[in-house]
Each structure stands twice: as structure tokens, then as C-alpha cells.
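Fit chain C to the given chain L structure using the hints.
The primary structure of each chain is shown beneath.
Protein chains: 2
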Amino acid sequence: MDKRFDKVLEEINKGNKFLIVSHVNPEGDAVGSTIGLALALKELGKDVTPYLEDQVPAVYSFLPGVDLVTNKVESDDWYDAVFAVDCGKMERLGKGFEKIVNRGIIINIDHHTTNDHFGDINIIEPNACAAGELIYDLLNAASIKITRDIAVNLYVAIHTDTGSFKYSASTPEAFRKAGELVALGADPWEISQHVYESYPLKRIKLLIHVLETLELADGGKIASMVITRNLLNRFQAKDDLVEGFVNYARAIEGVEVALLFKETDAGKYKVSFRSKGNINVADVASSFGGGGHVNASGCNIRGSLELVKEQVIGAIEGSIRSKRLAN
Amino acid sequence: MDKRFDKVLEEINKGNKFLIVSHVNPEGDAVGSTIGLALALKELGKDVTPYLEDQVPAVYSFLPGVDLVTNKVESDDWYDAVFAVDCGKMERLGKGFEKIVNRGIIINIDHHTTNDHFGDINIIEPNACAAGELIYDLLNAASIKITRDIAVNLYVAIHTDTGSFKYSASTPEAFRKAGELVALGADPWEISQHVYESYPLKRIKLLIHVLETLELADGGKIASMVITRNLLNRFQAKDDLVEGFVNYARAIEGVEVALLFKETDAGKYKVSFRSKGNINVADVASSFGGGGHVNASGCNIRGSLELVKEQVIGAIEGSIRSKRLAN
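One line per chain: the protein sequences are L and C, in this order. Counting in this note's numbering, the first sequence runs from 1 upward without gaps. Counting in this note's numbering, the second sequence runs from 1 upward without gaps.
Extracted from the complex, chain L is given alone in its bound form (with noise of 0.2 Å):
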């Protein structure tokens, strides 16, 4: 018996109106432990309002439930608890997180090491690949029964923050569970067509001009490619039409770390960084005032194109060879 969530489950039994809120630029694992956590909450007849900030990407639009999604709390409501979910800060719910988190106590789940434990319950589990693991473990624990629409809520959480099973994150638990998930009711193939292969048309167009700034650093260690402003307009681009370009320059032999610098204000340069193996760029993006996990982070940099690149390419070049002389 998981006794993790005693203090949850005794909250979820005496109270009956809940919030459920994720961070903003919300992706797989924040829209599908919200809305996955929200219909179990239904099913046991509560009243429950799954918040989001930011709108749903469209390729999670298909998830059942995906309608229940608002970006309005009334100004007065107040809630027997509030369940922030994959959310490491409270100031990653969004502008207004003080008005939306402090309607009630704060129940946090989350995967993130950084987690700062803001909430009154705090299930914060550095080893589970996704919060929407957490969520599985937690209506395992409550013995509510996982729906199909459930399930396949969850397994999107699963599937989409272990990079479709490839990242360190696959853990054999999280195998089990994504196949338990799977016998629930959620289809790999049907889902992953929604989450890869609904991309609008301009994503290969503007993929083809981003792809043609490739370029190589540090002996072919450091590959890195550029996404102007001009661009990003050009094709009225959103974060998400861009979503995973990066991944192409780490795909090349030889490299070890991938940059993408997206130009987002004028001077102003959001940098993407990944790395294979061990080359901590979660260390690098931190030095710059970013943040992020050990293979992927960003951060964010003012200056010209070229200054950027000069600054953040030395600190990986850096960064590669502290990395030898300590192998």
C-alpha cells in the first residue's frame, strides 16, 4: 500500500471543490496530469476546475476532457484544495499565481529536482518520469479506477515527457505503468499521431531555413542553429511550431551539446541548449540565468547574434573540456 499519499487522500475525501492548476507554456506532461487528475476527481463526484494559464497546444486538443481546460477562475472562489501539478515554482502557474494558487490549501506534485516544496502537501519525486506517473500512483493509491479517458490522459503525460520512451527518464517502472496504461485503454499509435504527426505544413518549410544555419563548432563537438525574429514572423510561429528542432543538430555524429538560438525581441536571444551523455548543460544555462535538466535547459541572452553565440559557445567549449580532464 503507497502510503505517500495519506495526506492527499484525506483532503480529496473531506472536501469537495477543487482547483487543479499546471505551468504556463503548458506541454504533454502539464495538460495531461491536469485534465488526467481532473476526471478522476469527477468520477468521484467532485466539482473541479482544471486551470490552465496559457491555451492548450493543439495537438493536445484531442484529449479527452481537453473542453474542461479554463483560463477564468471567478475572482471569489475559494476551494477545498488546490493541486498544482508539474509545476517546480509557484511562479510557473502564470502572471497571476497568487490570486490562483492561494484560493485554498496547496497540494504539489511534481517530478522537478528544483521543486522549492511551495505547497502546504508536497509529493515531489525526483525518480518518476512525469507528475502524470504521480497521478497514476495516487489514484492507484486512492483505489480510483483509471477510465480509458483517464488513461490516455496519463499516458500522454508518460509519453511525451520521456521523449516516446528514450530519455533517462524510461525508468522500468515507467515502462510498466505506461503499459498498464495502455491495457487501460490509451493506443500508442493513435495518440502519437495526434502528439508527431499533426504538424501544419509551414513547420517543414520554416524546418528547411532553419536547418540551412546549421553550423559546426569545436571540432564538430558543438553544432548550432539560428531562428530569426524575421523568420519567426514570417511564418507566424509559435513556441510550439518549433518545438524540437533543436533535437536535429544533437542528432549529428559526433556532437555532444546542440544550441538553438531563437531570436525573440530584438537583441534578445532565447537559447535551447542538449547534450548527449554526460555534458551537464543544465550547469551552462544556469551560468547565463537559466535553468533546466541535465541534457536539456535554456536560458535567455541579450546582445547581438554574434556576441551570444561567441559567449554561449565559449562556455560550452569550456564546459566539454573541463568534462575530458575530469574523464
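Since the hints were made in silico from the structure, they are not lab data. Any given hint might turn out to be false.
Which copy is meant is left open, so a pair is good if it fits within one copy or across any two.
What the hints assert, rightly or not - Distance condition first, Cα-Cα at most 16 Å in a straight line; then the derived EDC-like pairs of lysine to aspartate or glutamate: (1) Lys221 x Glu11; (2) Lys202 x Asp149; (3) Lys166 x Glu190; (4) Lys202 x Glu243.
Then chain C, alone, in the frame of chain L:
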């Protein structure tokens, strides 16, 4: 207790010298199943020869035991049994298939629906996601310990044949077994880096050219791309360099069938078909003398590019139309 393998186990127990073979143009399942079974039989102290007519693709050269693979067998060698894995027809083993396979009783272990049962013993399970899943079952039935090295090979078989757990072959059983193999030492992230993140730089350059040929037909339901012989020569591209390119076309919103026309010789095209949902491209490919699975198939056609495209796109349009009428 799994009784399906009783006859196979009898042959393994009473024999000492085994040949293991798989198909030409070997992919992850062929390579992983062949080596995985070879390593397991070696654990039992048997004399084992894993044979593949074609070279193991570079992305699989990291597999433990890959050095055991040979493309030569002595002309007068006799084996206690010949295992054919992941091979639907004897001819798929290569040019000298009769000389290779008729060197002992044939044990045919495969998951292709179209397998013609060419073995003396046939273990054909279309529900298995990969031949590697059947090798996993066999080793368990035989109580042969799955070492880390065996686990890596079998994981690669399952991982690649399910498209990294995206295709419909990703059953609960496939997930459960993959999770077991991870627990036994297969590392999903390390393996994914080898399989998907070690492309030569020229793959990206070639990809740009191919993406530029993208055309839509049938109101956006059909997407097609072309690779000319000229381009293949310029990049000295073997088959594995363009592996997966056709998926870019399928990934577009609204596209139901994606096509890649690859000029293999003057006036000769290899056509790859990929579909979403229920459009059966195996049928279409068959009508041109090819074959494959519901969502992935291929054929070879002679003619000018214009005529070949016209014929194939016409056939696909017919198939989409009749599907619509049937629904």
C-alpha cells in the same frame, strides 16, 4: 509455463552447433534478435554462428556481441539447427539463401503475418511487436538468464520495431517486456543516442534537399517527396542515410498518405508508402508488386518520374475515396 517453445528447447538441449540467420538489409529487430539469441546460446556453452548477408548498419555497431556476426559460412558446415529470425520468407535471407539455410533443421521464429512457415519448426506470432519479443519469450521459457548484453540487443529489437513505442505494435506486453529489459541493464537513453542521434552530417544536408521537393495532392491528403539518383550519388547515400525521411511528409496535419519516390536506377523508382489511421498502404503497394504492413509498405516501379507519380497517386486517391465511401 510457456509451452510454445517446447520443440525449440528440445533442439537447443540436444544440439551443440547452431546457425542464426536473418534478413538482408537488416534493421534493429533483425540485428538485435540475431545477436541476442546468439549470446544466449553461447551462455549455454553452445557453438553459435550469427550470420547476416549484409553489413550491420553503423547505428547498430555499438551492440554488444556485434563482432560475432559474420557474412561467411564454410561451404561444408553442418548445424544441429538453423534459426531464422524476423524473416517471413526464406528468400529474404539473401542471395545464397538455400545454401545458407539448408544446413540443419530450420527453426523459424517470426512475427510477420505473411510468414510462409518455411521452417521445420515454426513459431509465428503476428501479435509479437518484434522477433526480439519472441526471443525474450523463448529465453524465459528456457530459463536462460538474460544478461545485460542480451537485454541491450533484445531491447533494440523491440524499441526499433515499435518505432520507439509509437506504432500499434506497442502492446501492454511489449511495454512490460521492454521495462524488464531496462531493469536488466538496457539503457533507453544510451541506446536512443546510438540509434537516433548518430547520423552523419550529410543526412541533414540531404534532408533539406528532399524536404524541398515536398508536394501535396488530393486536397492535402497525400504528400510526396522525391530523391533523385543524382542526389543519392552526390551524397554517396546508402539506404540507411534516408531511413525515416518519408515520415516527415506523413507528420503533416491532414496528410493521410505520405510517399517517397527514390530513383534507384535510371527510370526505376522505389516507392515508400506511409499512412495514418486505417488507410491500408500494403494493399496499394501489393497492386504494384510490392508489400508491407497496413501503415508502412513499399514497391518498385519502372517509368518516368511523372508517370510513376501519376500512377501511384492515382491509386492512393482511389484507396482514400473507397475508404471514405465504406465509412
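Going through the hints against the structure:
{"no.": "1", "hint": "Lys221 x Glu11", "verdict": "neither (51 Å within a copy, 50 Å between copies)"}
{"no.": "2", "hint": "Lys202 x Asp149", "verdict": "neither (31 Å within a copy, 43 Å between copies)"}
{"no.": "3", "hint": "Lys166 x Glu190", "verdict": "between (19 Å within a copy, 9 Å between copies)"}
{"no.": "4", "hint": "Lys202 x Glu243", "verdict": "within (13 Å within a copy, 22 Å between copies)"}
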